[in-house]
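The listed protein sequences correspond, in order, to chains Z, W, V, D, Y and X. First residue of the first sequence: 1, per the numbering used here; consecutive thereafter. First residue of the second sequence: 1, per the numbering used here; consecutive thereafter. First residue of the third sequence: 1, per the numbering used here; consecutive thereafter. First residue of the fourth sequence: 1, per the numbering used here; consecutive thereafter. First residue of the fifth sequence: 1, per the numbering used here; consecutive thereafter. First residue of the sixth sequence: 1, per the numbering used here; consecutive thereafter.
By construction, these hints were calculated from the structure, which means they are not laboratory data. Treat the hints with caution; some may be incorrect.
Same chains, same names: a pair is fine if it fits in one copy or spans any two.
Claimed, not checked - Calculated pairs, DSSO-like style, for lysine-lysine (alpha carbon to alpha carbon, straight line, at most 30 angstroms):
| id | residue 1 | residue 2 |
| --- | --- | --- |
| 1 | K319 | K183 |
| 2 | K319 | K213 |
| 3 | K235 | K213 |
Protein chains: 6
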Amino acid sequence: MPDAIRYRPEDARVATRFAGIRTFMKLPWVTGDLTGADFAVIGAPCDGGTTFRSGAAFGPSAIREMSVMLRSGNLNLDVDIFRYLSGVDRGDAEVNPCDLRDSHRGIERAFDDAVRQGVLTIGLGGDHSVTLPQLRAVARRHGPVALVQFDAHLDTYDTENGSGLTHGTIFRRAVEEGLLDAKRSIQVGARGLFGTGAIRESEELGFTVIPAKDVHERGIEWTAGRILETVGDRKVHLTVDIDFFDPAFAPGTGTPEVGGFSSWEGLKLLRSVGGLDFVGFDVVEVLPSHDPTQITAYLAGCVVQEFLAVLAAKRRAGKEADRG
Amino acid sequence: MPDAIRYRPEDARVATRFAGIRTFMKLPWVTGDLTGADFAVIGAPCDGGTTFRSGAAFGPSAIREMSVMLRSGNLNLDVDIFRYLSGVDRGDAEVNPCDLRDSHRGIERAFDDAVRQGVLTIGLGGDHSVTLPQLRAVARRHGPVALVQFDAHLDTYDTENGSGLTHGTIFRRAVEEGLLDAKRSIQVGARGLFGTGAIRESEELGFTVIPAKDVHERGIEWTAGRILETVGDRKVHLTVDIDFFDPAFAPGTGTPEVGGFSSWEGLKLLRSVGGLDFVGFDVVEVLPSHDPTQITAYLAGCVVQEFLAVLAAKRRAGKEADRG
Amino acid sequence: MPDAIRYRPEDARVATRFAGIRTFMKLPWVTGDLTGADFAVIGAPCDGGTTFRSGAAFGPSAIREMSVMLRSGNLNLDVDIFRYLSGVDRGDAEVNPCDLRDSHRGIERAFDDAVRQGVLTIGLGGDHSVTLPQLRAVARRHGPVALVQFDAHLDTYDTENGSGLTHGTIFRRAVEEGLLDAKRSIQVGARGLFGTGAIRESEELGFTVIPAKDVHERGIEWTAGRILETVGDRKVHLTVDIDFFDPAFAPGTGTPEVGGFSSWEGLKLLRSVGGLDFVGFDVVEVLPSHDPTQITAYLAGCVVQEFLAVLAAKRRAGKEADRG
Amino acid sequence: MPDAIRYRPEDARVATRFAGIRTFMKLPWVTGDLTGADFAVIGAPCDGGTTFRSGAAFGPSAIREMSVMLRSGNLNLDVDIFRYLSGVDRGDAEVNPCDLRDSHRGIERAFDDAVRQGVLTIGLGGDHSVTLPQLRAVARRHGPVALVQFDAHLDTYDTENGSGLTHGTIFRRAVEEGLLDAKRSIQVGARGLFGTGAIRESEELGFTVIPAKDVHERGIEWTAGRILETVGDRKVHLTVDIDFFDPAFAPGTGTPEVGGFSSWEGLKLLRSVGGLDFVGFDVVEVLPSHDPTQITAYLAGCVVQEFLAVLAAKRRAGKEADRG
Amino acid sequence: MPDAIRYRPEDARVATRFAGIRTFMKLPWVTGDLTGADFAVIGAPCDGGTTFRSGAAFGPSAIREMSVMLRSGNLNLDVDIFRYLSGVDRGDAEVNPCDLRDSHRGIERAFDDAVRQGVLTIGLGGDHSVTLPQLRAVARRHGPVALVQFDAHLDTYDTENGSGLTHGTIFRRAVEEGLLDAKRSIQVGARGLFGTGAIRESEELGFTVIPAKDVHERGIEWTAGRILETVGDRKVHLTVDIDFFDPAFAPGTGTPEVGGFSSWEGLKLLRSVGGLDFVGFDVVEVLPSHDPTQITAYLAGCVVQEFLAVLAAKRRAGKEADRG
Amino acid sequence: MPDAIRYRPEDARVATRFAGIRTFMKLPWVTGDLTGADFAVIGAPCDGGTTFRSGAAFGPSAIREMSVMLRSGNLNLDVDIFRYLSGVDRGDAEVNPCDLRDSHRGIERAFDDAVRQGVLTIGLGGDHSVTLPQLRAVARRHGPVALVQFDAHLDTYDTENGSGLTHGTIFRRAVEEGLLDAKRSIQVGARGLFGTGAIRESEELGFTVIPAKDVHERGIEWTAGRILETVGDRKVHLTVDIDFFDPAFAPGTGTPEVGGFSSWEGLKLLRSVGGLDFVGFDVVEVLPSHDPTQITAYLAGCVVQEFLAVLAAKRRAGKEADRG
C-alpha cells in the first residue's frame, strides 16, 4: 500500500535533517501537475494586512526552516502520515510587497490552481489577511464553507485604522463575499479585542464565538464539542492563527495576547475536531523577527503535522473500513 | 456618561497603534494638576536595589513601548475601561542612578504628589525596591495598608549581601516604618528563597505566606479566598512582581524562578480579588535586556490593564447600583 | 543669549537619562503652535513601501528610545547645540498601516504643517518611501529642491515588484512631480542595485551618482567636494538612509548592503557638507527588529545630532559675524 | 550537625551571587580526593552525538553561569540542602571535539574516578550521548541499573543518519552493553519520534514507555506511580533531557518538541519519585546558543537543585529515624 | 547573447525577493545533468570538524535565506552576472552528523559529480574541514592546485585536541594527500594562532603566509600583488573563511578573531586577484546561531556574488576579445 | 627557561577549549599566596556606578567565558606569552550590589592584596567606577601614577545626576585623592560628552586630552607618540574602556558612542605604547546583556591578551639583553 504514495519526504532517520533545500518537511517541490498528491503546502508571504508588528512575510520561510525537524510519525494519533498521504511543497504564491490587493490576487491564483486540481491546500502565512484569498479559492470549488478559527482575535472588524482590508477585517469581508456559511462557523480563543462589542458584532455576522475565558474554564473537550455541534457536516476551512497560543509558546507573532493556550491544548483541540470534513487549512501570523529560538515557527509546523496526522488517521480508518 | 471621562487613550481601532509618543496606552501625558483623572501611571526607573541581574530601570520604557497594543476592552470582565475610568501617564519619577535612597526620595515625591491629589497610582518598576517609596506615599494618606503581593520571593530579608535596603528587604522595612498592616497582608507565590526559614521570618513579621506549591496544588480560587479572608476590608496596595509568573511567560526579569504561574492563572487571580479596596498598585521587575520578544513587557502591561478593568467593572457596578 | 532658546532638552548631566517619556533627546513634545522652535522632529512610522524586511514603522520609537543618550555637546564641531537652536518633538504623523498612499498623505500633512510654520523638519523613518511626502511639503514652500542622498541604493526604479510606489521608486516619482531639481541632486554610496543599468537610469533623470566604490577609493573629502559642487547654493533636503553605513555599523535595516561606510566616515561626510543651505532632513530605514544591541537606532540619532550640530555651528558663526 | 558538612556553597544571602568564578552553585572546585563529598557535579561538554542543532558542548558552562542563582533552600521539600549534603564541582571531563568515541572515553574516566570514590555523580551535558559513558561508570560499580528517563525522545534507535552512536541510539547501546536492567527501566514523555514503531522497538528492548500523551491525560501522580512500580528497589540512574519540558519552558535545546511539560510538572514528577535508590543523575541537551534569556540553563540547574533537595530530604529523614 | 544563458535567477526587480523556496539567489534547483550550467552552488552542511563553537552545519541554509537579497548586478565590476554566466543550486551534499569522515565522503561525492561535469563548484560551508573533500574532487580533475586562503587561521596544525582531522588541520592533510601545490599556495589574514611557531610550520609545508598585520600595514593592493605573484598561472581553489573578516562584520562564526578586515577590504582583495585561473571556490564557517542580524550570512552570500561577478567580467572580456 | 613559569594555561592545542571551569584563559585559580605569579587577573563585578544601561557586573564572567578562546601566541608581537610570564586568575573581588562605596572597598581590598605581593593586576570590570579602587591599591604601593585612558568619555565630571561617585566622575576623584599624576596622564578617544566644556574641565585637572577626532585625523602613530611624550617614564596604570571601540566592534557596553575605533586600531595603539612602565591595567564596561554574539567580551579578552603580549615581549627583550 505505501508504494501507492507518490510524494513523501525522505526518511529523516536516514537522511540528515539539516541537509537539503528547505521545502516543507523536505517534501518534493512540485510546481506543475499535482496528480498523485493529496495535499499541497503553499506559502503566502504577505504582511501588507498587518496593523501592528510587520514581518510575517518571512513566516513561510521560517516555518520551512524548522519543518525539517518534523517527522512522519505522530504519537498522539499513532499514525505514520506518509503511509496514507502524499504531499508536496508548491513554493510560494506571487505577492506584491507594496500592494495588498495585488498580493491577494497572487495568493488566490496559487491556491485556486491547486484546489482545482483536487488537492487539499495547506497555507502558510503571512498575516491573517492571506486567508481571504484562500477562502475565495476554496469557495469557488466547494461553495460557502464553514470556518473554524483558532485565534486570539476575531478579525471581523469593519475597518481598522482607516482600512477595510486588514488582517483584522477579513472574515467580515469573507461573509460579505459569500465565501463563508457564518452560521456554521466558529471562532475560538478570542481575548485581544478593542472593545467588548466586538464579540457581538461577530455574532451578528452569524459566527459563534468562544472567548478564551470559556475555553479555559470549560476545557478543551467542551470546546471541541461546541465546534463539532456548530459545524456539523459542513465542509470546513480550518484557520489557525498562531497567536491562539500563549506568547510563552508562540512569542514570534505580530499581536501576541497573554492568557492563551499551551501547545498541548492547541494540538489536542485540533485532534478533537478531526472528524470534520476539511477542505482547506492554513496557519498564519508567524513572525520570525520575534522568534529568536524558533519555537513559534516550529509550533506552526507541528500544527500542520498534527493536521496531516488527522487526515492520515481518517484515511487509515477508511481503508480499514474498506477491508472490514 | 462617557463624556464625563476626561482622559482616555485614542481609539486604537482608528489611530494606528505603532504611531505616536510612547505614553502608557497612549494616554495623555499630564504633569501638573490631576483633576479629572482617576488614576495616574508613574514610572519608577530604578534598579539600584537589585541583587542579581540589573537593568530594570529600563522597565517603564519597555512597558510603555508594548502598551500601545493594549486595548480599552477587557473580555474577561466584559468591560470597556475608559467608559468608566479616566487616566493619565505622569511620566517617570526623578531618580539617581547611583544612589538608591535618593532615588527612593524622588519616587516618593512623585507618588506623593499624585496620591495627595486623590488619584490612584499605578507604578511601573523598576526593581521591587521602588514599592517602598510608593508605600510611603500611600500610607501617608491612607495609614498602614494591607499588602497583597504576587511574587516568587518574599522580600522580607533583614539584610542581603550586606545591605539593609535591597529589593529583597523592602517589606521588612515597610513593616518597621509602620506602612503596612502586616496582619492583613499576604504574600503569594513564593518559591525562590535562600533558605526554608525565610517563610517563618515573614510570618513572624505578621504576613500570611502562600508558597507557590500551595497555589499549584489548591488552585487559584482557593488562593483568592485566602487573600480575601486575610485582607478583609483593609485598604490595599497590590504589588505584582512579574517573576510571580513562570519564566516561560516572563523571561525578562532579574531573578526568574521556575515553577511559576501562567499568564492566565495570574490574571485570573488578580480578577478574583477584585473586590478588595485598592489604594495603590504597581508592577515591577521587568528587565528589557532579557526580553527579546517583549512578552514580559507586554504581560506587565496586561496586568495593569486587567487591574484597570477590575476598577472599571466596580465603577460600573456602582453606577448600576445607583441607577437601580 | 541662551535664554532666547525656548525649547531644549533637560540637562542630561543633571536629569537621569533613562528616566522620562521618550521624546527625541527628551525635547519638549509640542503638538500645536511652533513659534520659538527652530526645528521639529517628526516621526513617519510607515513601512508600507518596503520590498524586503518590514518593520521600519517601529523605527521612530526605537530612535527616540536610544536618543535619550544623545547629548547637547558635539565635540567634532565644538558646539553645544542648544545654545543656538531650539527644537521640539512633534510626535508622529498619522499613518495607515495597510494603505501606503494614505500614510503618505498623513505624513505630508504633518510635515506641511511644520514647514508652513517655518521650522526645519527632521524626519524619522520609516522606510525610505516616507521621504516622498516630506519632499512634497518642503517643495510646496521652497520650490524644487536639491536632494543630497546618502544611501546604498538609488531608489529611482520605475517599478519594483509590480508597484510604482515603493521605497525603491520614490525619487523618480519626486522628479516626475517636480519636487526635485535633479540636476542639483546627488546620490552617494550606491552599491546594492539590481543591475548595472540603474546608475544610468538615475543619471538620465538628472542625478549625479557617486557609487560606494568611488567614495572608498577617493575619500570623504573628495566626495564632499563633489556634493558641494553639484548642489551649489540650491536649497537642500538631505536624506540619510541608514543603510549607507556598513551592516557592521547599522545591522538593523531592511536591506543592508556590505561594503558600506563606518560611522566616523558617514558623520564626517555630513559635517563636510555642512555649508549647504538645508531646508529639510530625514533619516530612514531603521529596523528595530534586527537591531538587538540598538546600535543602529543610536547611530540614526547620532546622525540627527551631527546635523543639528552643523546647524548650530552655522548659527554660531552667523552670530559671531553679526558681532564682528 | 551542619559542621559535618565539608563542602557547601557560600551563603548567597551574604556573598553576592554574581561575583566569583562560575562553579556549579559556587561549590568548591575539587579535582583530587573526594573524601567528605556526597556528590560531585561533573560537566560533559560534548555534542558530537547530536543529529540536529549542535552547541550543547557549551551547556555545562551555561548551566554553571545561571547556577549562581540557585539557593540552598528548597521550599517544595522544605529542606536546606547543605545541612544534609556535601558536594563539589569537579569541573569538566576531557573531551575531543572531533571524535565522539574519544570524548566518551574521557567522560567515562571522569565519572569512573568519582564513582569509585563513592560519591554520587551529577552529570551536566552535553548532548544525550554523554549519558552512555556515565552509565558505564555507574554500572561498573553498581551492576546493571534501572534507567528513569524524562525525555521527549526514546534514544533507542539502532542507527540514525548512518551512525550507530548518536544521541538517539545510546540507550539501545547501553542495553547491549549490559549496563541497564531494561525491565526495570522506564522512559517518560516521548513525543518526538520518527515513526510510531519506535515505541514498540523500545519496548522490545525491555523498556516501559509512557508517551507524553499519557502523562498529560493521566497526570503526574499516575506517572510517578508507574515509575515507582516499574523500578521497584533497583538502583537507579535518573537522566533528564531538558527537552522533556515544553519549548516554552526550555527553548534552548537541540531538538525541542512541542506538547511538553511545564517546569512545575517536571519538578513535581522528580520529587514524586524521590523514594527511588539513586546512584546516578544527569541533565542534558541544554543549548545555550538558543537560550537568549537563559531560562533553559536555569531550569536545568533547578532540576539538579530539586534532585539534591530530594537527596537531602531523605538524608534528613534517615537522621530523624536514627534519632527516633 | 543572454538567451544562451540557461539557468539564471528570476528578475528580482519583478519577482518579490522574500517569496519562494530558498535556493541560492533563487537559482534553479538542478539535481541531475548539469549541461548548460557554468557553476553549481553546493552546500556542505557539516560541523563535525569544529573545535570551538559548533552549528556551522546550518550555514548553507542561512546563506541561502539571505541570498534572496543578492542581485545580478555588481557595481564594483560594472557587470550583470547572468548576462555571462549560467548557474544552479544543486542542494546539499549528504552528510553524517556524527561521523566526520563519512560526511567528507558525501561531500566529495557531491562535488566530484559536479566537477566531472565540468562546472565550477561554489561550496557553502559548514566548518572549514569541508574544503578538504572539495579539494579532493577538484584535484582529481585538475591535479594539485594552488590554494588561495582568506582566513584568520592557517588550518595546518598536525593535530588539534587529539584529532588529526579538524577544521584546523585540513590543509596539512591536503598537502600530504598531494591535493595542493603548496609552493603556489598562499594564506592571507592569519591572526588567531595557538603559538607563533604555527606560521613557520605552515611555511615548512610550502605555503606562503601573509599575517593580518602585513595586510593591515601594507594594504590590499600589496597583498593582492603577493597573491598573484605566488600563484602565477596555477589553477586555483579560492577558499574564504568568513572569519577573515573582523567580528564586527562577521560575528556569526565559530572562532571569531578581532583585528580583521572590513567587508569592503575583503571584497576588494577578492576582485584584485580576479585574474587567477579559478577551478574551485568556497566560503565557510558561517554560524547562524551567533548571527542574530544575519549580516554574516549575507556577507558570505556577497562574497559569492563578488566571485561570480569576477567570473562574469572575465567572460565578458573574453567575448569582447573574441569580437575585437 | 619555560620551566621557570609556574602558572600558565593548559595548552589549548591539546586541551579542548570549551571544556573546563571558566577562569580567565583557563589560568590556575589561585586565591592565596601569589609567589611565582607575574600577574593576577581579578574581576570587579560592580555596576553601581553606571548612569545609563546597567549590567556590567556580569562583565567579568562574560569575559572569562570567551577567554577560553584566547591563545598564548600573539602574532602581532611574535611572542608566546607564557614562555615569559606566569599568571593566575584570582577570582572576583567581593562586592555589594546595592552599595557602591562598599563595593569599592571590596575591590580595593582584593587589588591591594595582590599589589602588595608584587604582582601586576589585570582588572576586569564592571563599570568604570571600579578603576578608582584599583588606583587606590596601585598608588598605595607606587605613589601617584600616570593614567593612560582609552575611552569614549573622560569620566572627570564633578557630579553626574546628583552623585559625586559615578562611572563618569572617578578620575576627578582620583586626582583629588592624589592617586594620579594628572600632568603625566592622558585621555584618548573622547567623543561622548555632555558639553564641549568637559574637555577644558579635564585639562584644568591636568590631563592631556586627545579627542577621537584627532586620533582619526592624525592616526594611531601620532597618538601613540603623544601618549609616550606625555607619560614619559612615569609608572602607568592603563585603563581601557571598551567603549573606546566603535559600537560595531563593541556593541555590548553601557554607553556606546559612534565614531569610535576598530579592533585593529585599538590593539595597535596599545602595542605602540608598550614601552611604558606599567604597574596596573584594567578593561571595563563590558555589558553582556547587549552582546548577543559575544564579540565585545572577546574583544575585551583580546585587549588583555595584547597587553600580556606586550609585557612578555618586554620580558623577552630583557632576557635577550641579559644574554647579549
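These are the hints, each one checked on the structure:
{"no.": "1", "hint": "K319 x K183", "in the structure": "neither (33 angstroms within a copy, 36 angstroms between copies)"}
{"no.": "2", "hint": "K319 x K213", "in the structure": "between (39 angstroms within a copy, 25 angstroms between copies)"}
{"no.": "3", "hint": "K235 x K213", "in the structure": "both (27 angstroms within a copy, 29 angstroms between copies)"}
Hint check: a violation occurs at hint 1 only; the rest are consistent with the structure.
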